[in-house]
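Each protein sequence line maps, in turn, to chains A and B. The working numbering puts the first residue of the first sequence at 1, with every later residue one more than the last. The working numbering puts the first residue of the second sequence at 1001, with every later residue one more than the last.
FYI, nobody ran anything at the bench for these hints, they're computed from the structure. It is possible that some hints are incorrect.
Derived list of chain B stretches under chain A, where covered just means 3 residues or more per stretch with a C-beta under 8 Å from a C-beta of chain A [claimed, not checked]:
1) 1087-1098
2) 1111-1121
3) 1134-1145
4) 1196-1202
5) 1308-1315
6) 1610-1622
The following label-pair restraints were derived from C-beta to C-beta distances [to be verified]:
7) R635(A) - E1097(B): 57 to 65 Å
8) F322(A) - D1242(B): 56 to 64 Å
9) G1576(B) - R635(A): 48 to 56 Å
10) V1340(B) - A356(A): 53 to 61 Å
11) A1632(B) - F322(A): 39 to 47 Å
12) R399(A) - D1608(B): 50 to 58 Å
13) P1376(B) - G202(A): 22 to 30 Å
14) G1273(B) - T627(A): 54 to 62 Å
Glycine included, each C-beta is placed from N, C-alpha and C at the ideal position.
Number of protein chains: 2
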Amino acid sequence: MTDVLHRPGIPSVDTDRLAIDTIGFLAADMVEAADSGHPGMPMGAAPMAWTLWSRHLRHDPAAPDWADRDRFVLSAGHGSALLYGLLHMFGYDLPVEELRNFRQLGSRTPGHPEYGETPGVECTTGPLGQGLAMAVGMALAERMTHARYPELTDHHTYAIVGDGCLMEGISHEAASLAGHLGLGRLVVLWDDNDITIDGGVGRSCSDDQLARFAAYGWHTASVADGTDVEAIDQALTRAKADPRPSFIAVRTVIGHGVPGVEGTSKAHGSPLGEELLARTKELAGWDHPPFSVPEPVRTVCAGLAEAGAQAHATWEARFDVFEGEHAEAAAEFRRTQGRVLPAGLGTALDGTVGDAARATRQSSQACLTAARAVLPELVGGSADLAGSTGTEYGAPVTRDDYSRSAIAFGIREFGMAAVLNGMSLHGGYRVFGSTFLVFADYLRPALRLSALMRQPVVYVFTHDSIAVGEDGPTHQPIGHIESLRVIPGLQVLRPSDDAETAVAWRLALERTDGPTALILSRQPVPQLRGAGFEVDGPVAVEIVATGSEVSLAASVAAALRTEGYGVRVVSPLDRGRYTPDASATTVSIEAGSTSGWAGLVDVAIGIDEFGASGPGGEVMAHHGFTTDAVLARVRRHLDRGT
Amino acid sequence: MTDVLHRPGIPSVDTDRLAIDTIGFLAADMVEAADSGHPGMPMGAAPMAWTLWSRHLRHDPAAPDWADRDRFVLSAGHGSALLYGLLHMFGYDLPVEELRNFRQLGSRTPGHPEYGETPGVECTTGPLGQGLAMAVGMALAERMTHARYPELTDHHTYAIVGDGCLMEGISHEAASLAGHLGLGRLVVLWDDNDITIDGGVGRSCSDDQLARFAAYGWHTASVADGTDVEAIDQALTRAKADPRPSFIAVRTVIGHGVPGVEGTSKAHGSPLGEELLARTKELAGWDHPPFSVPEPVRTVCAGLAEAGAQAHATWEARFDVFEGEHAEAAAEFRRTQGRVLPAGLGTALDGTVGDAARATRQSSQACLTAARAVLPELVGGSADLAGSTGTEYGAPVTRDDYSRSAIAFGIREFGMAAVLNGMSLHGGYRVFGSTFLVFADYLRPALRLSALMRQPVVYVFTHDSIAVGEDGPTHQPIGHIESLRVIPGLQVLRPSDDAETAVAWRLALERTDGPTALILSRQPVPQLRGAGFEVDGPVAVEIVATGSEVSLAASVAAALRTEGYGVRVVSPLDRGRYTPDASATTVSIEAGSTSGWAGLVDVAIGIDEFGASGPGGEVMAHHGFTTDAVLARVRRHLDRGT
């Protein structure tokens, strides 16, 4: 259908050439004006990008949020000028002034593509490999949405990746998962220019990439001449017809057409310079002023944009028919696309609160099960720790059944988080992923992008302290909670019982503009529900604690009260919400790094060294997490004060 | 040579069977006694481990530090009981009491193998995939040492990896690098048991692993029956003869021999229980008490240990001959193995200090070049940012020339760090690796292991703040310095000029028991050398800053002094060394997260939100890093105080 739509309007050979030069020179002009950026990638990859955008990509520049558009991800994000040029040429809301302001403060054309800053940019890229993984997430979301709304969803996801993307480990995790799940609507173009920043790819890599992707179960193909529009077009057509995800190696020359520089790492990351750019344009027979889009190219792009608008209109008509026949399903589609929560979530979560002591990972499992019943768009899974982390969610999605809600991510934390980002960006879903807190390190680069892109991904991190015990220091987080708190825009919540866990899940799901990390215990905790936290009369000591240490705080408070002190216990859930009582002696207890607490309280009790292997209670005691040990610390401070 | 040595003493079929049962039941007994751990992996992998240790591994249990021993890495670290059993059986200093104390506080048998805790444990494993990458580092160090000391170095590196190791992205980075560098003395056995924690591997992975490793340039083989000692032995022999790194898939059954449980994920991570273990032993015809090593096995292991001691003695004799002929080289070998620095390092580093403003990444490049001249054991490289990070170090090691000192790690940060760990553990080298600070996130799990294993790896992190400018928020670290400071045992140094950078390198290299992160600027800084930091008379205001913000602190101090305040500037290099002046108003300036400073000073100036794309100076100004903006903040605080 896509092809039928576009075939009649395909440009002539001459217009192709002109359009490709337009992309390359727009990029070179941007980098030149900014005196900063990467001209080589856009100049080499312009033919494949043009072939894709002129012959295959189904999109409506006037409606960049159209749910059934094809997705395009520039995983090699340093080539941002390529993307900005295309968006400008096709009539997205990106006027030429924005291109002239490339890489300037306040522009819509930052150094790397930033989701939310530029219409048509589907995700933030630049940290290598993650674009590929987000494309996998988008392609998975597409198939899952197709299973739920076959009438409304049928699009492709395309990505352009560079050598750096393919060297990064996340490319393995993402490509392996895509092959396993048979994501046939994913088409990846490899800008095979054989150059990295430090020199030729051959300095550090000898992979047979086609064989590698074939080993993941992908369809593979190669285009020997990356300027051959016809060959690229045919490869794309075959890729779309193949039921497997597709990987197309396109042999290109970085900085194509720049005399003396093309094909070398010199073309990668610096402006060409006025003189060299002028000579390059001369050699190409390009006699337009900087930032030009020649009239024939303008016309062709307008025609393609119009065809995209038509496709969009056809889809809207189809949606109307669907709505007429399935009003409820259509409303649900709209609701989930709009990230609007249904009624009843709060009640469902409140229903999970019980009286028996249990680990907050178990409380969280109850919340997830309750939320699922009212929130069909809530999907997710674990990096092979569903049972341990309390994220059992039914049978997982397979290539034969995308209608399920659980995803078995495998032992691929980083891939999981990036795929979740892609799914969230695709729209229609609220997503979660789980692992042990100590392995938050493995997925941290993608979690940071969740925050930067303001995606409401929910991270479930369990086994949150040295209390994990026998598995030992490799599995015992120390600085991990603190290292999450320093990521801007990440909501970090550490609940202490069923009630707080239910609140934490509600806060995580009510949030639509940023990620949340839930920090949960392996070991059981009592159901305190704030009982005895407040005290009548003046407060001499305020003990603030989170998670599993709140019960320890309560126990210390009880002991201090017998000594006549007025003691308040505070469980802030999110440390950012805690304001110390300036008139009291303040004490924090958290089984993790103290560095972020030291500025808030008088006595910060935590652990700033690695833990040890032993039964959890013994390890906690060994590191001073007992009522007596904490009491001694607090008394020492109080005695000093008198 | 190894083979000739061991062949005469190979055990009989009956003894093999007995030894394999011994390994399996020792592991099961340990897990049972601890009521915690992973019995399934050891029971399934015992035959391959026994075959390797009885027919191929060249080691001297009485001398676990022998430089030319073969290395054995249990990458599937949750199977620690397998390794402890072997070490005990072969006579390492690990008596049966330690096996009985498996996973107990203070034992030498922690839940996962911990380097430094147990003789014979070559590295800390458990965080999946990293063991494989450390084995690659050990194998690379072996080849590099062989190139330098062919008479003294000729050993193999073996690793057992699980499905989890192979799903992790780091397996891609490490295997790709090993293939590229042609590390033929590396042999990896894959415990192909088809089971992960959550169920069958088929839930989440369909990779053709042999094809994948072949795509990296590895020799591959498979053993269909993982209990077939003869077949495993032959595969190992062929692997050692092949010039490529080798990957051998060994089909096993997790929890082999346990009725009703073998071959399922139930065998993975829980004790079998007394009754089931008893039935398993009965079915195997095993009638020894718990923790037994039957006499025939004891005898065979003693013989193998004796053969290893002989091999070691032969090597020592060879070393004596070498020392007689090459006294200087032998002394150098001893010195580097002992991590002893040569004279002249301090002088060499001091010689890099100049007067011209430059980026501390450039100061660091000068230090590296100077250090290299006196420290031949200093080797390392970059994750494809050698030029940008100031870590140019000559032509890199190739499969045809291992005598070089530079390593082109490719765009593989995590792999780089884990390989550096492996090289450091191997011995004979001081190692460094570089990338942008923002990509410290990509390698964080391995950096944490550097700290846990107390390896003196030097991490060079440049482009250390929003001052990187145009590349935008994806490339601008915010919480990164703080997130490194919360890793126990990691020395974090942020120098402000040439002189401090030279000190930082000296501190990094003088440290032998832990890693260091050098945090360096992209932009030029003036050569302050502490000029004007101190003030005569009483100190009213103390401004503490690090790195590129020290010159800003000096400028603010100068302005405040004109207003009559006594102002001291402190550049602590390592924040841990800073003690605030209790009688002064204290102000910190660091272009990063403020959370760790807030506990130390009255006014913490930093940045707790994401940056923006624009020229570096403008971005800094936008976020308040100008003399005027800082002055205004300080004045506001001082005014409030009066």
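Do the hints match the structure? See the list:
1. 1087-1098: Since three or more residues must qualify, the claim that chain A covers the segment 1087-1098 of chain B is violated, with 0 doing so at under 8 Å.
2. 1111-1121: holds (count 3)
3. 1134-1145: violated (count 0)
4. 1196-1202: holds (count 4)
5. 1308-1315: violated (count 0)
6. 1610-1622: holds (count 8)
7. R635(A) - E1097(B): 57 to 65 Å: violated, 39 Å
8. F322(A) - D1242(B): 56 to 64 Å: Holds - the Cβ-Cβ distance for F322(A) and D1242(B), about 60 Å, lies within 56 to 64 Å.
9. G1576(B) - R635(A): 48 to 56 Å: violated, 27 Å
10. V1340(B) - A356(A): 53 to 61 Å: holds, 59 Å
11. A1632(B) - F322(A): 39 to 47 Å: Once the Cβ atoms are compared, 58 Å apart, the range 39 to 47 Å for F322(A) and A1632(B) is violated.
12. R399(A) - D1608(B): 50 to 58 Å: violated, 44 Å
13. P1376(B) - G202(A): 22 to 30 Å: Distance hint for P1376(B), G202(A) holds at roughly 27 Å.
14. G1273(B) - T627(A): 54 to 62 Å: Taking Cβ atoms as reference, G1273(B) and T627(A) lie about 34 Å apart, which means the hint is violated.
When each numbered hint is compared with the structure, violations occur for hints 1, 3, 5, 7, 9, 11, 12, 14.
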